[in-house]
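J.: Listed here are the chains, written in short residue letters.
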Amino acid sequence: MDAPVLKSNKKRGALMEVLFRLKKSPLAMFGFFFIIFLAFTAIFADVLAPHPYQRQNLSHAFETPSKQFLLGTDEFGRDILSRLIYGARVSLQVGFIAVGIALFAGGMLGAAAGYYGGWADNAIMRVMDVMLSIPQTLLAIAIAAALGPGLFNLMIAVGISAVPNYARIVRGSVLSLREMEFIEAARAVGSSDLRIITKHIIPNSMAPIIVQSTLGVASAILNAAGLSFIGLGIQPPYPEWGAMLSGGRQYIRDYPHLTLYPGLAIMLTILALNFLGDGLRDALDPKLKR
Amino acid sequence: MNDLLEIKDLTIHYVTDGGTVRAVENLNLRLGHGETLGFVGETGAGKTTTALGIMRLIPSPPGVVKSGRIIFDGEDLLTKSEAEMRAIRGGKIAMIFQDPMTSLNPVMTVDKQIAEMIRLHRDVDKAESLKLAGDMLELVGIKRERMHDYPHQFSGGMKQRVVIAIALACDPGLLIADEPTTALDVTIQAQVLELMKKLKQQFGASMILITHDLGIVADICDKVAIMYAGRVVEYADKRALYANPTHPYTIGLFNSVPDLDEDRESLNVIPGLMPDPMDLPAGCAFHPRCAYATSVCSESKPEMMEAAPGHFVACPIRGRERK
Amino acid sequence: MTGYIRVENLKKFFPTKRGLLHAVDDVSFAVQKGETLGLVGESGCGKSTLGRCLIRLLDATSGNVILHDEETGEDIDITKASKSVIKHLRKKVQIVFQDPYSCLNPRLSVWELIAEPLIVNGVFPDKNAMKRRVRELMNTVGLAERLENSYPHELDGGRRQRIGIARSLALNPEFIVLDEPVSALDVCIQAQILNLLNDLQREFHYTYVFISHNLSVVRHVSDRIAVMYLGKIVELSDYKDLFVKPSHPYTQALLSAIPTAKLDVKKERVILEGDVPSPIDPPSGCRFMGRCRHRAEICGKETPELREVSPGHFVSCHLSSP
Numbered sequence: 050m051d052a053p054v055l056k057s058n059k060k061r062g063a064l065m066e067v068l069f070r071l072k073k074s075p076l077a078m079f080g081f082f083f084i085i086f087l088a089f090t091a092i093f094a095d096v097l098a099p100h101p102y103q104r105q106n107l108s109h110a111f112e113t114p115s116k117q118f119l120l121g122t123d124e125f126g127r128d129i130l131s132r133l134i135y136g137a138r139v140s141l142q143v144g145f146i147a148v149g150i151a152l153f154a155g156g157m158l159g160a161a162a163g164y165y166g167g168w169a170d171n172a173i174m175r176v177m178d179v180m181l182s183i184p185q186t187l188l189a190i191a192i193a194a195a196l197g198p199g200l201f202n203l204m205i206a207v208g209i210s211a212v213p214n215y216a217r218i219v220r221g222s223v224l225s226l227r228e229m230e231f232i233e234a235a236r237a238v239g240s241s242d243l244r245i246i247t248k249h250i251i252p253n254s255m256a257p258i259i260v261q262s263t264l265g266v267a268s269a270i271l272n273a274a275g276l277s278f279i280g281l282g283i284q285p286p287y288p289e290w291g292a293m294l295s296g297g298r299q300y301i302r303d304y305p306h307l308t309l310y311p312g313l314a315i316m317l318t319i320l321a322l323n324f325l326g327d328g329l330r331d332a333l334d335p336k337l338k339r
Numbered sequence: 009m010n011d012l013l014e015i016k017d018l019t020i021h022y023v024t025d026g027g028t029v030r031a032v033e034n035l036n037l038r039l040g041h042g043e044t045l046g047f048v049g050e051t052g053a054g055k056t057t058t059a060l061g062i063m064r065l066i067p068s069p070p071g072v073v074k075s076g077r078i079i080f081d082g083e084d085l086l087t088k089s090e091a092e093m094r095a096i097r098g099g100k101i102a103m104i105f106q107d108p109m110t111s112l113n114p115v116m117t118v119d120k121q122i123a124e125m126i127r128l129h130r131d132v133d134k135a136e137s138l139k140l141a142g143d144m145l146e147l148v149g150i151k152r153e154r155m156h157d158y159p160h161q162f163s164g165g166m167k168q169r170v171v172i173a174i175a176l177a178c179d180p181g182l183l184i185a186d187e188p189t190t191a192l193d194v195t196i197q198a199q200v201l202e203l204m205k206k207l208k209q210q211f212g213a214s215m216i217l218i219t220h221d222l223g224i225v226a227d228i229c230d231k232v233a234i235m236y237a238g239r240v241v242e243y244a245d246k247r248a249l250y251a252n253p254t255h256p257y258t259i260g261l262f263n264s265v266p267d268l269d270e271d272r273e274s275l276n277v278i279p280g281l282m283p284d285p286m287d288l289p290a291g292c293a294f295h296p297r298c299a300y301a302t303s304v305c306s307e308s309k310p311e312m313m314e315a316a317p318g319h320f321v322a323c324p325i326r327g328r329e330r331k
Numbered sequence: 252m253t254g255y256i257r258v259e260n261l262k263k264f265f266p267t268k269r270g271l272l273h274a275v276d277d278v279s280f281a282v283q284k285g286e287t288l289g290l291v292g293e294s295g296c297g298k299s300t301l302g303r304c305l306i307r308l309l310d311a312t313s314g315n316v317i318l319h320d321e322e323t324g325e326d327i328d329i330t331k332a333s334k335s336v337i338k339h340l341r342k343k344v345q346i347v348f349q350d351p352y353s354c355l356n357p358r359l360s361v362w363e364l365i366a367e368p369l370i371v372n373g374v375f376p377d378k379n380a381m382k383r384r385v386r387e388l389m390n391t392v393g394l395a396e397r398l399e400n401s402y403p404h405e406l407d408g409g410r411r412q413r414i415g416i417a418r419s420l421a422l423n424p425e426f427i428v429l430d431e432p433v434s435a436l437d438v439c440i441q442a443q444i445l446n447l448l449n450d451l452q453r454e455f456h457y458t459y460v461f462i463s464h465n466l467s468v469v470r471h472v473s474d475r476i477a478v479m480y481l482g483k484i485v486e487l488s489d490y491k492d493l494f495v496k497p498s499h500p501y502t503q504a505l506l507s508a509i510p511t512a513k514l515d516v517k518k519e520r521v522i523l524e525g526d527v528p529s530p531i532d533p534p535s536g537c538r539f540m541g542r543c544r545h546r547a548e549i550c551g552k553e554t555p556e557l558r559e560v561s562p563g564h565f566v567s568c569h570l571s572s573p
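Residue numbers (my numbering), protein chains in the order written: chain A, 50 to 339; chain B, 9 to 331; chain C, 252 to 573.
In case anyone wonders, no lab produced these hints; they're calculated from the structure. We treat Cβ as the ideally placed atom computed from N, Cα and C, and that holds for glycine. Just so you know, not all the hints are guaranteed correct.
For lysine-lysine, the following DSBU-like pairs were computed, each having C-alpha atoms within a straight-line distance of at most 30 Å [claimed, not checked]:
| # | chain 1 | residue 1 | chain 2 | residue 2 |
| --- | --- | --- | --- | --- |
| 1 | A | 248 | C | 334 |
| 2 | A | 248 | C | 268 |
| 3 | C | 331 | A | 116 |
| 4 | C | 331 | A | 248 |
| 5 | C | 343 | B | 151 |
| 6 | B | 100 | B | 208 |
Covered stretches of chain C, as calculated for chain A (at least 3 residues, CB under 8 Å) [claimed, not checked]:
| # | segment |
| --- | --- |
| 7 | 340-347 |
| 8 | 383-392 |
| 9 | 415-423 |
| 10 | 437-443 |
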């Protein structure tokens, strides 16, 4: 093609370059800052929360938002805002750790399948196919039910159910990278398999994995909320957004704020992560470099 | 005499975050009826952009046609509405792209692709259009019994023949071929060029042939325009240009091609690289690489001058020498 | 047959779903020290596969590639060498790839790219010595030192190809396979790279196998030229002889098909009919028969051998007279 040769004259580090390009998408920037804000909230929950999340005060039950309780109180008179703040802790933990588990297991399996091919590829990917044929939520429910409730089990359940997604992505990018000429060029100068994987294949397959992980955190949070909603996740009195939603649902007609705020929190977080994921997808694509 | 195509002062820019790419700058060209113009230049010289400009297919954003007129058959294409352009594209002006692998629809048989084109521009029914499609395929040397085949069942050279059949299906006045044989092997290229020469005569169409290969130009063109950094630097009859290449860039281009009959220890290369189209040198864009350059060259943009009758060159120094 | 590199009955077949693909089919030739052997042919003729078998980027199906090590006086069979010998060979035999866009890892800087062969072979334990060597290499191939920290996507094709060349020179090789090194470049840049390769050979006495589909480029760089068609060498001769007296009908057609940038060169155009047939399970007999103007009965029965028709000029055609 006779396209004009474009050159970026300014020198930036890889990370700065990504941030620079991310800046061009206002939605992605919203997502980025919202997640930072959320992380900040989760870390400093002890300082930020106006009330202890578990303190019950039945005389204040079902209060609508007021100066004392900014987002009102629930059926036991607990401060909803405080519970949301502590809930962010759980949600982010579950989201990131579950994705971490999925990414690690899926990444190893996918890389092995893609790099070695043949028999190993077939065996691994057929197991992944079986897992994929079960709806992810259902799979997570089954695992969570087997393991029993609790934060750690929740993470494992959500993480394992997401493994096939990552295995497929990593395998795909390893397969396409394996055919690239620069891999052959690296072999031609005598590079070992290990060096080829760590220096050439992994850095080049990061972009799609980062994007998928960002989007994956969103679905992990949603899954965790779903499990807590049906009672398989976080146990009361610890606040989890899904569990809060579940607890408030019987009062939804009279006191909708019990479900409204946790619902909003989940929605905004998922939206922010998805915006960020989409923005990263564009920012990390070298072809869109303009 | 009325020309079929006249381009006046065409300027096309790509506006991006990193800066403005001056893809085509003040380009002037003429093309007579039945003529074949070879459009020669390196990657990034603006050949394809000019062609897309004529078709009004510049991707926008980032592409912007800044100024100029493209007069085709007495009408300015740049003032046409999108609907009017759709009737012209494929009907009066057809384009052949470089890569035959990607310019055909893989899930549609070739006869249907040709027939679709015919029905878009001519008032014929389906059966008639399919019959015409078969005729077109025979014309480009593909047997009628293969008309129901899918593109992947053809080889690269055959696919390019199908593309040519589609382009010529509506008997266009102007055919723009963008590196039509670059993706093909030499022996297949020879077949396709032979076919294009034959069909051009048969259809009496004018043609703009975009290429980087001076050999193909020598084979098939009547006129030649050499492009460098968005401008035409030399424009002449093929014979005049090959006998007397005048612009220093043209001379460098000829010297860069290894000779088939003569031994040369090393090639006379043009030093340096194509300038960054976002940051073109002042004055003549070629002057930093030019052996003839004087102080004038960095100060003002060279005007096209007629070094010999019909032989235009955008270089005051070499142009005057010739006179 | 003597020579620095001796290729004996080399075959490379790829199993496909439709049968065996004969990419390289019984090829023999020798390359002398310090010469450039041009390898021409159209896409799919097996020239790149052959080039990769020569340096063991691909394992040959059968046959030998023998490198004569002048230091030790030993002959090393590249096709059967063990892993440790291969590691040693990587320093002697190198390759420059066709596509300067895909043969460089986009995430490595120019410096890292050129240093890679030095690092993986542990040539320079001393970091400063390695830095000097990389600088020296950049100078040799004509890359400005300020480009050290640039990334491939910031550079044009010519500069990228210079990086590829610098990588292949890093270990002081003796033998370099150049796989279409200038095909992806514009003519002016192409000329610059050809001159560079020429200068390097004069200075360091490299032995080249230059693979290309462009006959005028091959003629310019080669001492001898081998023409390939469907996995076989059909003609091999001194570069001048090949152009003056092409003997194989395919070579004749190939030469006549090149568009020359000259007017009034009246030459006979041989337009070949049809396409290159499939290399999967090819029939016996001459591979070119189907497109040949001169085919005779014998062509379908016997596979022609590469015969010497005049000193140093080999042709594999039943009908060529000695």
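J.: So if I understand the rule, the pair passes when the alpha-carbon distance is 30 Å or less; does residue 248 (chain A) with residue 268 (chain C) pass?
T.: 34 Å, violated
J.: With the threshold set at 30 Å, check whether the alpha-carbon distance from residue 100 (chain B) to residue 208 (chain B) stays at or below it.
T.: With Cα atoms ~15 Å apart, residue 100 (chain B) and residue 208 (chain B) stay inside 30 Å; holds.
J.: Check whether three or more residues of the segment 383-392 of chain C sit with their beta carbon closer than 8 Å to a beta carbon of chain A.
T.: violated (count 0)
J.: Holds or violated: are the alpha carbons of residue 248 (chain A) and residue 334 (chain C) at most 30 Å from each other?
T.: 21 Å, holds
J.: Count the residues of the segment 415-423 of chain C whose Cβ falls closer than 8 Å to any Cβ of chain A, and tell me whether that reaches three.
T.: With 5 residues in contact (Cβ-Cβ under 8 Å with chain A), the coverage given for the segment 415-423 of chain C holds.
J.: Assess, step by step, whether the Cα of residue 331 (chain C) is no farther than 30 Å from the Cα of residue 248 (chain A), and give holds or violated.
T.: 29 Å, holds
J.: Please check whether the segment 340-347 of chain C has three or more residues whose CB lies within less than 8 Å of a CB on chain A.
T.: Satisfied; 4 residues make the cut.
J.: When you check the alpha-carbon spacing of residue 343 (chain C) and residue 151 (chain B), does it fall within 30 Å?
T.: Not OK: residue 343 (chain C) and residue 151 (chain B) at ~52 Å, beyond 30 Å, violated.
J.: Tell me whether the statement that chain A covers the segment 437-443 of chain C is true, taking a Cβ distance below 8 Å and needing three residues at minimum.
T.: Since three or more residues must qualify, the claim that chain A covers the segment 437-443 of chain C is violated, with 0 doing so at under 8 Å.
J.: Tell me if the straight-line CA distance from residue 331 (chain C) to residue 116 (chain A) falls inside 30 Å.
T.: Violated, because 83 Å separates the two Cα atoms, which is more than 30 Å.
Violated hints, in rising order: 2, 3, 5, 8, 10; the structure is consistent with all others.
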